[in-house]
Amino acid sequence: MTLAIIPARAGSKGIKNKNLVLLQNKPLLYHTIHAAKNSKCIDKIVLSSDGDEILRYGKTQDIDTLKRPQELALDDTTSDKVVLHTLEFYKDYENIILLQPTSPLRTSEHIDKAFEIFKNTNANSLISVCEYDNKILKAFMCDEKGNLKGICNNDYPFTPRQKLPKTYISNGAIYILKTKDFLQNPNFLQSNTKHFLMDEESSFDIDSKEDLIKVEEVLKNIL
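Residues in the sequence shown are numbered from 2 upward in steps of one, following the working numbering.
In short, the hints are calculated from the structure, not lab data. Check the hints yourself; a few may be wrong.
Calculated cross-link-like contacts (lysine-lysine; reagent style BS3-like; alpha-carbon spacing at most 25 Å) [stated by the list, open to error]:
| hint | residue 1 | residue 2 |
| --- | --- | --- |
| 1 | 17 | 45 |
| 2 | 41 | 179 |
| 3 | 17 | 92 |
| 4 | 146 | 164 |
| 5 | 14 | 45 |
| 6 | 167 | 14 |
| 7 | 82 | 179 |
| 8 | 17 | 221 |
| 9 | 82 | 14 |
| 10 | 146 | 167 |
| 11 | 82 | 92 |
| 12 | 14 | 164 |
| 13 | 14 | 41 |
| 14 | 167 | 139 |
Given the structure is predicted, the values throughout are model-derived calculations rather than measurements.
All chains should be built: construct the whole structure from the sequences, respecting the hints.
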């Protein structure tokens with residue numbers, strides 16, 4: 002059994018009431034709920050929020066809602082804390098899928114393909130990613146004595162970029178976890194973490210009004 006958790010707090014600095022702002026004439030939150038409901042691998046969906054308006058909207062979508070305490074709705078609240086709070090009320094699920102509403106171009110097909118990788122590789126976690134410029138591997142940092150060191154090792158800064166390994170960055174769209182392992186080690190990066198590669202367009206993360214405009218254009222071309 003697999004539980005999908007959608008974390009949607011009321012406060013947002015970049016866009017007021019971001020999770021309810023309209024995108025293609027539907028609340029931003031709708032697009033993630035819709036993807037979760039159409040996924041073949043999700044048995045239960047729960048919306049975690051501190052906002053009454055968000056929770057009321059969740060009820061209209063025929064999903065579970067969970068009121069989050071205010072201390073778990075701050076700017077610096079991490080997603081692992083939200084997952085742990087949710088699991089206090091939903092204990093009997095083998096797997097967890099965390100779906101952030103700020104990734105409206107993540108589809109049910111993405112979720113199902115990611116879950117298939119998760120199951121077939123016997124992973125204890127999976128993170129969706131997109132490719133990231135590997136020149137970051139050529140960066141330096143200073144140690145406690147002020148000495149310059151390669152951020153990964155001392156060879157990469159002088160290695161041709163073509164010979165550097167590929168690098169990835171989390172796009173925030175999909176996190177999959179084995180509940181038992183996460184409770185023992187509340188971290189999305191576990192001992193056997195696989196990745197699900199998404200293209201740059203599908204990886205859009207809504208953080209500003211400009212992002213909304215861009216995603217609106219993408220959806221117009223898709224629909």
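Cross-check of the supplied hints:
| no. | hint | result |
| --- | --- | --- |
| 1 | 17 with 45 | violated (29 Å) |
| 2 | 41 with 179 | holds (18 Å) |
| 3 | 17 with 92 | violated (33 Å) |
| 4 | 146 with 164 | violated (30 Å) |
| 5 | 14 with 45 | violated (30 Å) |
| 6 | 167 with 14 | violated (33 Å) |
| 7 | 82 with 179 | holds (16 Å) |
| 8 | 17 with 221 | holds (23 Å) |
| 9 | 82 with 14 | holds (20 Å) |
| 10 | 146 with 167 | violated (30 Å) |
| 11 | 82 with 92 | holds (15 Å) |
| 12 | 14 with 164 | violated (41 Å) |
| 13 | 14 with 41 | violated (34 Å) |
| 14 | 167 with 139 | holds (12 Å) |
Violation of the numbered hints given earlier is confined to hints 1, 3, 4, 5, 6, 10, 12, 13; the remaining hints are satisfied by the structure.
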